[in-house]
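Engineer: Position chains F and P against the provided structure of chain H, taking the given hints into account.
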Amino acid sequence: MQERTLGELAEHVGGQVRGDPSLVIRAAATLERAKEGDISFLMNRRYVRQLQTTKASAVIVAQAVDAPVALLVAEDPYYAFTQVMVLLHGHRTHKETGISPQASISDTAVLGAGCHVHPFATIADNVQIGERCIVYPGVYIGEGATLGDDCIIYPSVTIYERCRIGRRVIINAGSAIAVDGFGYATHEGVHHKIPQIGGVVIKDDVEIGSCCGIERGTLDDTIIGQGSKLGDLVTIGHGTKIGPHCLIVAQAGVAGSATLGHHCVVGGQAGIVGHITIGDNVTIGGRAGVINSVPDGQTMLGAPAIEADEARRAYAMLPHLPQMRQDIRELQNRLRKIAALLEGGSDKLEDR
Amino acid sequence: MQERTLGELAEHVGGQVRGDPSLVIRAAATLERAKEGDISFLMNRRYVRQLQTTKASAVIVAQAVDAPVALLVAEDPYYAFTQVMVLLHGHRTHKETGISPQASISDTAVLGAGCHVHPFATIADNVQIGERCIVYPGVYIGEGATLGDDCIIYPSVTIYERCRIGRRVIINAGSAIAVDGFGYATHEGVHHKIPQIGGVVIKDDVEIGSCCGIERGTLDDTIIGQGSKLGDLVTIGHGTKIGPHCLIVAQAGVAGSATLGHHCVVGGQAGIVGHITIGDNVTIGGRAGVINSVPDGQTMLGAPAIEADEARRAYAMLPHLPQMRQDIRELQNRLRKIAALLEGGSDKLEDR
Amino acid sequence: MQERTLGELAEHVGGQVRGDPSLVIRAAATLERAKEGDISFLMNRRYVRQLQTTKASAVIVAQAVDAPVALLVAEDPYYAFTQVMVLLHGHRTHKETGISPQASISDTAVLGAGCHVHPFATIADNVQIGERCIVYPGVYIGEGATLGDDCIIYPSVTIYERCRIGRRVIINAGSAIAVDGFGYATHEGVHHKIPQIGGVVIKDDVEIGSCCGIERGTLDDTIIGQGSKLGDLVTIGHGTKIGPHCLIVAQAGVAGSATLGHHCVVGGQAGIVGHITIGDNVTIGGRAGVINSVPDGQTMLGAPAIEADEARRAYAMLPHLPQMRQDIRELQNRLRKIAALLEGGSDKLEDR
Numbered sequence: 370m371q372e373r374t375l376g377e378l379a380e381h382v383g384g385q386v387r388g389d390p391s392l393v394i395r396a397a398a399t400l401e402r403a404k405e406g407d408i409s410f411l412m413n414r415r416y417v418r419q420l421q422t423t424k425a426s427a428v429i430v431a432q433a434v435d436a437p438v439a440l441l442v443a444e445d446p447y448y449a450f451t452q453v454m455v456l457l458h459g460h461r462t463h464k465e466t467g468i469s470p471q472a473s474i475s476d477t478a479v480l481g482a483g484c485h486v487h488p489f490a491t492i493a494d495n496v497q498i499g500e501r502c503i504v505y506p507g508v509y510i511g512e513g514a515t516l517g518d519d520c521i522i523y524p525s526v527t528i529y530e531r532c533r534i535g536r537r538v539i540i541n542a543g544s545a546i547a548v549d550g551f552g553y554a555t556h557e558g559v560h561h562k563i564p565q566i567g568g569v570v571i572k573d574d575v576e577i578g579s580c581c582g583i584e585r586g587t588l589d590d591t592i593i594g595q596g597s598k599l600g601d602l603v604t605i606g607h608g609t610k611i612g613p614h615c616l617i618v619a620q621a622g623v624a625g626s627a628t629l630g631h632h633c634v635v636g637g638q639a640g641i642v643g644h645i646t647i648g649d650n651v652t653i654g655g656r657a658g659v660i661n662s663v664p665d666g667q668t669m670l671g672a673p674a675i676e677a678d679e680a681r682r683a684y685a686m687l688p689h690l691p692q693m694r695q696d697i698r699e700l701q702n703r704l705r706k707i708a709a710l711l712e713g714g715s716d717k718l719e720d721r
Numbered sequence: 370m371q372e373r374t375l376g377e378l379a380e381h382v383g384g385q386v387r388g389d390p391s392l393v394i395r396a397a398a399t400l401e402r403a404k405e406g407d408i409s410f411l412m413n414r415r416y417v418r419q420l421q422t423t424k425a426s427a428v429i430v431a432q433a434v435d436a437p438v439a440l441l442v443a444e445d446p447y448y449a450f451t452q453v454m455v456l457l458h459g460h461r462t463h464k465e466t467g468i469s470p471q472a473s474i475s476d477t478a479v480l481g482a483g484c485h486v487h488p489f490a491t492i493a494d495n496v497q498i499g500e501r502c503i504v505y506p507g508v509y510i511g512e513g514a515t516l517g518d519d520c521i522i523y524p525s526v527t528i529y530e531r532c533r534i535g536r537r538v539i540i541n542a543g544s545a546i547a548v549d550g551f552g553y554a555t556h557e558g559v560h561h562k563i564p565q566i567g568g569v570v571i572k573d574d575v576e577i578g579s580c581c582g583i584e585r586g587t588l589d590d591t592i593i594g595q596g597s598k599l600g601d602l603v604t605i606g607h608g609t610k611i612g613p614h615c616l617i618v619a620q621a622g623v624a625g626s627a628t629l630g631h632h633c634v635v636g637g638q639a640g641i642v643g644h645i646t647i648g649d650n651v652t653i654g655g656r657a658g659v660i661n662s663v664p665d666g667q668t669m670l671g672a673p674a675i676e677a678d679e680a681r682r683a684y685a686m687l688p689h690l691p692q693m694r695q696d697i698r699e700l701q702n703r704l705r706k707i708a709a710l711l712e713g714g715s716d717k718l719e720d721r
Numbered sequence: 370m371q372e373r374t375l376g377e378l379a380e381h382v383g384g385q386v387r388g389d390p391s392l393v394i395r396a397a398a399t400l401e402r403a404k405e406g407d408i409s410f411l412m413n414r415r416y417v418r419q420l421q422t423t424k425a426s427a428v429i430v431a432q433a434v435d436a437p438v439a440l441l442v443a444e445d446p447y448y449a450f451t452q453v454m455v456l457l458h459g460h461r462t463h464k465e466t467g468i469s470p471q472a473s474i475s476d477t478a479v480l481g482a483g484c485h486v487h488p489f490a491t492i493a494d495n496v497q498i499g500e501r502c503i504v505y506p507g508v509y510i511g512e513g514a515t516l517g518d519d520c521i522i523y524p525s526v527t528i529y530e531r532c533r534i535g536r537r538v539i540i541n542a543g544s545a546i547a548v549d550g551f552g553y554a555t556h557e558g559v560h561h562k563i564p565q566i567g568g569v570v571i572k573d574d575v576e577i578g579s580c581c582g583i584e585r586g587t588l589d590d591t592i593i594g595q596g597s598k599l600g601d602l603v604t605i606g607h608g609t610k611i612g613p614h615c616l617i618v619a620q621a622g623v624a625g626s627a628t629l630g631h632h633c634v635v636g637g638q639a640g641i642v643g644h645i646t647i648g649d650n651v652t653i654g655g656r657a658g659v660i661n662s663v664p665d666g667q668t669m670l671g672a673p674a675i676e677a678d679e680a681r682r683a684y685a686m687l688p689h690l691p692q693m694r695q696d697i698r699e700l701q702n703r704l705r706k707i708a709a710l711l712e713g714g715s716d717k718l719e720d721r
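Chains as they are written, first to last, in the working numbering: chain H, 370 to 721; chain F, 370 to 721; chain P, 370 to 721.
Fair warning: there could be bad hints in the mix.
One copy or two, either will do: identical chains are not told apart, so a pair holds if it fits within one copy or between any two.
[Stated by the list, open to error] Keeping only pairs whose Cα atoms sit at most 30 Å apart, straight-line, the calculated DSS-like set for lysine-lysine is:
#1 K572 / K610
#2 K404 / K424
#3 K404 / K562
#4 K562 / K572
#5 K610 / K404
Honestly, the hints are just simulated from the structure, not real lab data.
If we strip away everything but chain H, and leave its shape as in the complex, we get (with noise of 0.2 Å):
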C-alpha cells in the first residue's frame, strides 16, 4: 500500500483538483465506507447526496460540484479510479516460489525465465512457457501447449493439449481450457465420440474466470480474442472465435461454431445459439437468448432475444396479458350483443 497527495494523484490521471492537493491519500473505499485518508469516486449521479455524508478525504468525479470535500475532477471517473487503485494498492503480488522440487514438469518442457511453479503443479512434454508466468498448485497443462511471458494461471486450472496461451493471460481456479468440444455423430442410437483435432488460441491480456470451460475446436481453433474478459462459469462451444474487447458475463454460454466480433458484451446467463454471426459492439442482455444472427451496434434483449427497445417494450405486456385475453372476450361479447342489434346485419357479422 502505497501513500500519495492528492496532487499527485491528480497528476497520474491527468485531472484537477478541488480542494487541498496536499491532502494525503492512503486507500480507496465506497463513499459509504470512506474514512480519513480513503479516496472514493462518483459513479453515478444519484449518489450525489452522499458527497455531503462522506468521510473520505477526496472523491473522484466527472463535473465539479458544490460540496464539503476535496474533489479530483477527471474525465472518465471510473478509470481515473482504477489508475488510483492500481497506484495505491496495486495487482495481487505472488510469492517469489521459484520451480517447486513438488512441481512435476517434463525434462522437454521449457520454461523462460522467471517462472514461479508452485508444488503439485503438473507440465507435460514438450510445453513452452514463456518469462515471469506463474503456475499455481495443481495446475496440469498438457502435452504441447504454449504459453507467452507474465501469464497467471490459478489453481486446478487443466490446460489440454496443444492450447496456444498469449501474453499477460490470466486463468482464475478450476477452469477446463481445451477441453474436448461436445460432438458425437448418432448412428443406430449410438452416439460416437468425435475426435476433437482443434486447438483453443487465447490471445495477448485476455482474463478467464473460475470454473470455464472452453471446449477446443472440432476442426478449426476455438479463439479468444485479444483482450476479451470472461467471468466465472462461462462455457464456449467448439470452433466459436470471440472476437477482441469481449466481455462475457458470468455463467453465460456461447454455443459451438459461432462468431463474435469486437467489443460485445454478454451479459450474465445469457446464451448464444452455435453457428451465427454476432457483430461488433454488440450487446445481449443478461439471460437472453440468441438465436440468430445479430448485426453490428445492436443490443438484444429477452430470450428468445430481440432488439431491446422492442424487447423492453414487448416484455414489459407480460403482466397485461390476463388483462388483455378478457378484454377480448368482452369485446367479442359486446360484439356479438350489436350484431344482435343489427338486424339483419348479424349474418354477415358473425361469418366466422
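Structural biologist: Same frame as chain H, now just chains F and P:
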C-alpha cells in the same frame, strides 16, 4: 450404521409410535424401495396410498392414518426423518490422516489441534486454521486466509488469499472462493483490470456446492451469511451480501453489489442483477430473472421476474397468444363491417 | 496421423467413390479451410455451393452432385466423416506414465493391469479400478469407489466415495461426481443437512464434460445411463435417473428425483425441475424450463416449456404484444363510439 428400536427413534424425534415400539430399525429408505428393517417417511399426501404397499417396517408421518405398517407420528416429518437418518447413518466420516508429509504447508501457517491435511494440499503463508478441520487433496488455501473450527474443504477447492471462513463451513469439490470480481474499467476500448481489494467472508455453518465461483469484493467484502447453503455451480458477484439462512439452488447466480436478506430461497438457474436489494424471506423461482429490488416476503417468478401470482397468470397466457392475436384481427374485421353497415357512422369510427 | 486413399476410406465407411479412388487423403478439414490432401464433408445442403470452391481433395456427401472435387457418397455423411476422422487422426493418445510414485494410492486400492496414474492423483481406501484406466494429475477418487476398464479421468476431477463408474467412461477436468445432494430439512429457520446416503452410478460409455456437478442421492442412487453424454458445467440433482443415450448440452441442469428416458436431448442452459418424468426420445430446447412431465417423443421449447410447435407460434407473438394491446384499446374505443351511436343500445352494451 446404528440399529435402534422404533420407540427409541420416536423418543429421539419427540414423536408418537402407532404400532410396535420394539420394532428394530436399521436404515432409512424411500417408501418404494424400503424393505424390512427400514424406516421411511411420507413427505406428501399424494403418496399416501404407498403406505398400503410399502415394505418398510415403519413410516414417519405428520398425522396418524390407517395403514398396515407401524407409524411414527411427528409434527415435522421431514425434519424427524433427517434426525433419524443422522442417528442411523450419520454424516460422512473422514479418514484420520493427520497432516500428510505430502502436503505443502507454509511454516507460518497455524493449524489447530485435530486437523487432517491430505496429500497435495497447499496451505500458504500466514493461513490460520481452527481445530478439527479437514483439508482434502488438491485444496489451495491462499495467504492469510482464516478458517474456523470443524471446516471440511473437499478436493481441488481454491480459497484465494485473505478469505475469512467461519466454523463448520463445508466447501465442495472444485469451488473457487474469493476469486477476483469481474471488474474492469473500459477506457478507449481497452478493459483495464480493477484490483479487487475486498475479501470474502463466509459465516458459520455455510455449505457451498461443487464448482461454485464466489467473487471477492472490489472494495468491500462479499459476505455469505450464517447457515446459508449454496448448491452446485452457483456464482456470487463481487461485494454481494447474502443474508443468513438463505438457500441458493444449483446454477443460480447473484451479480455484484446485491443484497439479500435472511431466509431467502433462490431457485435453480435463477439470476439476480447487481446493485439491488432483496428483502427477507423472499422466494425467487427457478430460472427467474430478477431485475428490480424485492420487498420482504414476496415470491417472484419468470424472466423478467414478477410477483408469483401475477406471473403464473401471465405466463399461462403464452400459449394463447396466437389465438389472441387472431381474435383481435377478427374483431377488427367485424368492427369494420359493422362500421360499414352503420351508414354515416363509419367516418367517426374509422378515425384511426 | 495416418495416410489413406479415398478408395480405402470409402471401403472403411461403406460408401461409394465418385472420382479417383487412388487420391491420397491425409487429414480432415472444413470445406472452407481444407487444402490438398484433406477430406471434408457437406453437412447441410445450404453449403452445397462451397463444393465448387473448396480446395479439399475429396468431400463426403449424402448424394452425388456435380462438383469439381472427388466425392465419397455415404448414407450418413456425418457418421462417415467421424469414422474417417478416427481413422486418420485417432482419438487423443495418452502418455504411458505407469503408476507415478508421486501419486498417493491406498494400500487397499486395487488397480487393474495397464493403468496409468499421474503424479498428485489420490486413490483412497478400497477403491477398485479396472484395466487400462488413466487417472490424470490432481484427481481424487474417494473410498470404495469403483471404475470399470478403460476409463479416462482428466485432471482435478473429484469422485466422492462409493461412486460406481462403468467401462470406457470419460470424465473431463474439474467435475465433481457424487457430491452431496442439496438436501436440508428446515426446522425453526435453520437448515439441517440431510446425510446423502445414496450413491452415483455411471454406466458404460458415458462422457461427462468439464466442471459438472453430479449429486449423489439422498436415499437412492443417481444414475447416468449407458452411452449418455453430458456437456460442460451440467448439474444433475440427487436421485435423478438419466436414461441411456441421452445428450445433455452445456450448462443444462436437471433437478433432483427426476427421471429421463432414453435418447433424450436436453439443450444448453435448459432446466428440468425435480420429481417429474421425461419420456423417451424427448427433445428439450436450449434454455427451456421444463416444469411438468413430458410424454415420449415430444419436443419442448421455452420457459415455461410448452410443446415446440405451440411454443414457436407463442413466442413469435412476443414482439407483437405492444401492438396487440394498442389494438385492443382501439377496439374498445371504437366499440364505445358504436354503442353511443346505437341509441338505446348503449345501456346493454356498456354493461361491464
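Engineer: Run every hint past the structure and note whether it holds.
Structural biologist: Hints, verified against the model:
no. : hint        : in the structure
1   : K572 / K610 : within (11 Å within a copy, 34 Å between copies)
2   : K404 / K424 : within (5 Å within a copy, 67 Å between copies)
3   : K404 / K562 : between (59 Å within a copy, 24 Å between copies)
4   : K562 / K572 : both (28 Å within a copy, 16 Å between copies)
5   : K610 / K404 : between (46 Å within a copy, 21 Å between copies)
Against the hints set out earlier in the document, no violation occurs for any number.
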